[in-house]
Structure formats: structure tokens, C-alpha cells
Amino acid sequence: MNDPQPLVIRLIKGFGMFWWDFLVGDTPELFVAALVIIGAVSLISESWHANTVAVVALPVLAILALSISVKRASDAAKRK
Amino acid sequence: MACAVEMVEALTIVFAVGHTRGWRSAFEGVGAALVALTALVAAFGPALIHVPLTWLRLIVGGVLLIFGMQWLRKAILRSSGLKAKHDEDAIYQETVAELQNSAPGANRDRIAFVMAFKGVFLEGLEVVITVLTLGTSAHRLGLAAVTAAVALIIVAVIGAIVAKQLSSVPENAMKMSVGVLLVTYGTFWVGEGLKVRWPGNDTFLLAFVGIYAVVCWVLVTLIKPKNPSSPVKVDA
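Each protein sequence line maps, in turn, to chains W and D. Sequential numbering of the first sequence, starting at 1, is according to the numbering used here. Sequential numbering of the second sequence, starting at 1, is according to the numbering used here.
To be clear, the hints were calculated from the coordinates, so they are not data collected in a lab. The reader is advised that the hints may include incorrect statements.
[Stated by the list, open to error] Calculated pairs, DSBU-like style, for lysine-lysine (alpha carbon to alpha carbon, straight line, at most 35 Å): (1) W:Lys78 x D:Lys195; (2) W:Lys80 x D:Lys195; (3) W:Lys78 x D:Lys226; (4) D:Lys224 x W:Lys13; (5) W:Lys13 x W:Lys71; (6) D:Lys226 x W:Lys71; (7) W:Lys80 x D:Lys226; (8) D:Lys224 x W:Lys71.
[As the list claims (entries may be wrong)] Ranges between beta-carbon positions, derived for each pair: (9) D:Asn172 x W:Leu35: 27 to 33 Å; (10) W:Asp26 x D:Glu171: 16 to 22 Å; (11) D:Ala149 x W:Val32: 42 to 48 Å; (12) D:Ile161 x W:Leu7: 41 to 47 Å.
[Stated by the list, open to error] Which residues of chain W face chain D? A few of them, derived with a C-beta cut under 10 Å, are: (13) Pro4; (14) Gln5; (15) Leu7; (16) Ile9; (17) Ile12; (18) Lys13; (19) Phe18; (20) Trp20; (21) Gly25; (22) Ala33; (23) Thr52; (24) Val55; (25) Ser74.
Every value quoted in this text rests on a predicted model; they were computed, and no experiment measured them. Quick reminder that beta carbons are idealized off the backbone N, C-alpha and C, glycines included.
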């Protein structure tokens, strides 16, 4: 097994692949949702200084993202 | 007390990962985090008070939130019968392929390692900063360090007792619980990273556990097929 790529490149690729699988994997919608949640709550908390809204918005958005992802998987399974 | 709270948080994550992904990689993650923390303290000492903890919390919280939601999604689909609870054939093929592609001795569960490392490193860093802050401001650094060490021993002993009780919990129920805990800590730390002030501080974690557990139960109930005799299956 002679890999033509240098060790450093293979390590970087392996590191990148690990994080891609870890964070994106087969549910890219959850990765995007997490970024949107962080962006939205950051805006609410740090720009508008609305702490109570942020306290409510953070879990509500996470629940919404999870529900949409579960519904999509459920619908896809039922269509089969 | 502050140190004990942080240690319990780290212990919860290590337990969750160890029980569901395997203890070896979880303990390796803990060991690596402790080595990294020791190296940090030895290299920087009191200067660690200036570490930007909010950024660290945001990054670790974000990772936990994503991974926790992925985990909960799978557990909900399994509980509703839309995904096989334990697909031995697929796991066997996957494991064989993984072992064939890996170098000898490289069979560490990287996810378990990373999760345990992150949990222990973040909480450990908070313990170090708490000890340094309180210890140096009261001119009792030695006493603060000893008290933190005692708290660590107490939490570890309680943890070992609780771990034995957890081994009798069914696998999918355990995975659902782990998902709830990961999303709970993820939400909490993302909030702290974004300077959200949670009512009741750390005790708000308990509210999150309750909320997410109820949400999971509702989702399982909603998507469960009405006719269980016609099985459907999810790929992912």
C-alpha cells in the first residue's frame, strides 16, 4: 500500500474528513441550523441586548431544527 | 463548590460517552485533556485567567449542540420504529471495513475521544481558572487547589457508584438520555458563549433536560407509524 501523498497532506485530509463527518455527516440541515441559531441568538443577545428573548429563542430554535430534521427523515421513510 | 459543579458537568459527559461509545476511548480523551490542562497550567500559570472562555464555550457548545441533535434524531427515529434499533449486519460490515482500512492499534473511537476530551478540557479549564481567581485574590492559592482536589475525588467516587447503576438501562433509552444531555450542555454553553444570562445559572441545565426530554417524547409519539405491521426504514 504505497500512498503517493505526503504524510502531512494525508493527516490534514484525515483531520478535515473527521470533522466533516462529525459535524455535517448525513444531516447537513442540523449543521446549518446550528449556525443559524448561533447567528440569530448572537444578534438578539449582543446587538439588541434582549436577554429574555435570547433565553427563550435558543432552545426554541434548537427544538425547531430537531423537529424539522426528524419530520424530513420520517416523511422520507414513509414514502418508501 | 464551584469546582465540584464544573467537575460534575465533565463527569456527566464522560459517562454518557463511555456508556454508549466505549470506555477505553472515553478514558483516553480524559487522559489527553488532563495532560493538555497540566501542560497549560505549567506553561502559563496565573496568566490563564485571561483565556477568552466565552469563545471556548461557544465553540464547544456549538459542537455539542450539533452532535447532540444528530444523536437525538437517531434515537427518536429508533424509538418510533422508523430506524432499526440495532442493525448488527450493517455494524459488522462497517466495523470490518473500518478495521481493514486502519493501521494496527488505530482502532480508537475518535468521536468518543473528542467528546470526552472537549468536555473535560473545557470544564477543567474553568476549574483551573476558578482556583486561580479565587486563590490569588484571597492569597490562598494552595488551599483553593487542595479544596478543588478534594472535590474531584468526591465527584469521582460518586461517579463510579452511579456508573454501575447505569449499566442496567436499555441501550436506546441510554442513547436518548445521552442525546438530551449533549443538547442540554450544547444549548447552555452556546448561550454562555453568546453572553446569555441563564436564570438560576447552572441550575437552568435541569430545566433544559426536562424540556428536551418532553420534546423527544412528543416527537416519538407524533411520528410513530399508526400501523406497526408495515415497517418503514430510514437510511440515515
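Self-check item: Hints violated by the structure (listed by number, smallest first)
Solution: 1, 2, 4, 13, 14, 15, 16, 17, 18, 20
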